[in-house]
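Protein sequences appear in the order of chains D and V.
Under our numbering, the first sequence has 56 at position 56, and the numbering climbs by one with no breaks.
Under our numbering, the second sequence has 789 at position 349, and the numbering climbs by one with no breaks.
In case anyone wonders, no lab produced these hints; they're calculated from the structure.
Small disclaimer: the values here were computed from a predicted structure and weren't measured.
You may find that some hints are simply not true.
Unchecked claim - Straight line, CA to CA, 20 Å or less: simulated EDC-like cross-link-like pairs of lysine to aspartate or glutamate: (1) D/K323 with V/E484; (2) D/K343 with V/E484; (3) D/K83 with D/D341; (4) D/K439 with D/D422.
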Amino acid sequence: MNPTFRGGIHIAGHKETGKSPIEVMPAPGVVRISLAQHSGPPMKATVAPGDKVCLGQVIGMSDWKFACPLHSSVSGKVSAIEKYYDPEKAALVEAVVVENDGLDTLDESILKAQEQKKDPQDMTTDEIISAIKEAGVVGLGGAAFPAHAKIANSLVKAKTLLINCAECEPYITADHRAMLEYPEKLLGGVDIIIRAMGIERTYIAVEDNKADAAAMLAGLLKDRGDIEVRLLKTKYPQGDKGMIINALCKTEPPRSARLADLGFIIFNASTCVAIYRACVEGMPLIERVVTVTGDCIKTPKNVLARIGTPVSELIEFCGGFVKTPEKIINGGPMMGTALWDLKYGLKKGMSALLALSGGKCDDLPSCCINCGRCVRHCPMRLMPNYLARMAGARDYDGCYDYNVNDCLECGTCSYVCPGRVDIVQYIRQAKNALYAAGKR
Amino acid sequence: MNDIKKDNIVLAEAEAKVESKPEAKVESKSETKVEESEKITVPELLTVTSSPHLRHRDSTRTIMLEVIFALLPALLWGTYVFGLRALLVCIVCAGSCYIAEYVTQLILKRPITVSDCSALLTGLLLGMNLPATAPAWLAIVGSVFAIVIVKQLFGGLGHNVFNPALAARVFLTMAWPSYMTNFTAPFDRLLFSSADAVASATPLASLKHGALPDASLLDMFLGKIGGTIGEVSALFLLLGGVYLLIRKIITWQIPVAYIGTVALLTFLFPQIDGVARWEFMLYEVLAGGLILGAFFMATDYVTSPSTSWGRVIFGAGAGILVVFIRYFGGYPEGVSFSILVMNSLVWYIERITRPRVFGGAKKKHA
């Protein structure tokens, strides 16, 4: 039996797209590139409406200390800088709208960088970090934390590298396909990280529903003693950093601890591919693999699409809808955010686009019957029933005492709740109130 | 995927507002019609809710229906042993609980939630805790007490402190003891009237008086004994209990701790001389409502702890109380009282058995 963590749930995978190869989507006529592409505060546009932009030209930057630049994913003309309400950031965010001229003219800076580019074997740590930063690489698993900052923050401390290929959320297969189709690039990215950080031990953690990809990587790594491919028993939320470390090493990293202090650094599989492309090919992150699926999509696919591709175009590329969707979700069904409309542009952190039809179970009011399923399944071993009850009564200090801030918001509790209580929503409400009160 | 933005909460609240706004929905519907008809239409404004967007298929209603399903073998056996009247008593109880819940919610202007079937389950359990001779008015009074006083006046499903069916059974036992202990002999089947019922002592009463019952252990296990409608057949109750365990409706902790404690204590301290310890123990475990109580009543979600260790303590505590009441109390049976006493302690038990947080100390200090 492959190792796993305690708690969590088995959910029907719906990972049929794992069998279909990645399809390259032609760049759309108009891209809508959000300026909220990484965690932290949103960026500011460095171009103005009417400007001509080239493919890979920097169009946004923030003064956040961990920030990395944003590049245009097409060449053409900036038609507008629009404000839109971003459900992921819960704020009004600007987006750069670029009309594609279809030429894909590369920016001079990229051409220059490609001329000067060195073999990654000869690059210093600083050069690697700067190459990753200039390419705008962020964590592609969903959190979108800038990758260069993660490396810089973990230098010296982290000696164990974990490549997170758990992809534990249902429906998503983008990493699975990336492992199968770009294994050299993935392992090349891993090597770059190992070199930059002086990593001693590397684990590639794959859930056993992707055993084909794991076997393939293991075959390529036959004569590498320092990298090990480990299979994990498929369970949600294994992709969480704490849970994957627990599944591999049996230790329990506290939620508040920084992984680097414990000697770990974690990268997502697709992020490694992006790091490779940044360092070896000198290409900024202008496209990503996204799983477009759900019961409303005609032909669910894995699509390699430009950042900023509108959701409506992605869906059109996959044959459109077969029935009216109730929700369109950015990310997986457990932790993704529901979108307001179809204008939303593909973001760097968007691993899946789901179109789900309704499926409302009953019309009864939600009601906790204290069944304890949330307590039994909570991977953090919290008492979500108490947290929801206390947050409902606005007893946020009580929530704090019951470790509400340790919650991953993985959604396991709401998923299993037979009383249909929106436990995660209550927990977010409590966390926000505590955050506002300065209690973290 | 694990690093969620702090601002999500604002969104969650905004989302909740939007979702609850009827205007937003109306607007989206009207837009749908404008689009061309042969294409799949997409509302201009999609539904936005907090994650997760998937739900497990089990709901309160399906769980209640599964428990009712698990009780059916024991109910059918009760009908076979005590006659059609046993079934009628249970139907009257379930029906009056259903009506009582509906009427109370109507009067209290609460949302009508009878379709969650919890009232039906309460009624069925109450019926199975009554003797087959129980008159209809007794069944109705018990049902109304269970639903109105014990459940709805405490706030309805999820808020009641005591198990409604058990509280009603104890109420009826105290108010009308003669009706509640009018047990008939097995296979002395009643059709409609209870007038020709022949009273018979239950195995539990024999044990109380210091003698082993006439029934063999096999008869006790199969249910060829006197008692309430639902409690007699250990076999069929275990069948239902195992079904609930396999379906993960209940967990093993309460039944195992409860029955285990009773078995252990009766094994260690047998009350009848000249009888093998294990024989006395088996009689004590199979007699009365212990198995019905352990699998179907003590495991009631609302009135039992939600933590694993809490469930062990709950079961063990109830087991100790059963043996104490059976040995030293005035009543021959202690299952109802033991569960009700433990019901009142659930809040404390949950607090002391709070799980240790992943990677953390037991409690974080501010």
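Measure nothing beyond the straight line between the CA atoms of D/K323 and V/E484; if it is 20 Å or shorter, mark the hint as holding.
-> It holds: about 15 Å lies between the C-alpha atoms, which stays within 20 Å.
Starting from D/K439, check that the Cα of D/D422 is at most 20 Å away, please.
-> 23 Å, violated
Proposed proximity, V/E484 with D/K343 (alpha carbon, max 20 Å) = Holds - the C-alpha atoms of V/E484 and D/K343 are around 10 Å apart, at most 20 Å.
Are the Cα atoms of D/K83 and D/D341 separated by 20 Å or less?
-> 14 Å, holds
Hint 4 from the list above is the single one not met by this structure.
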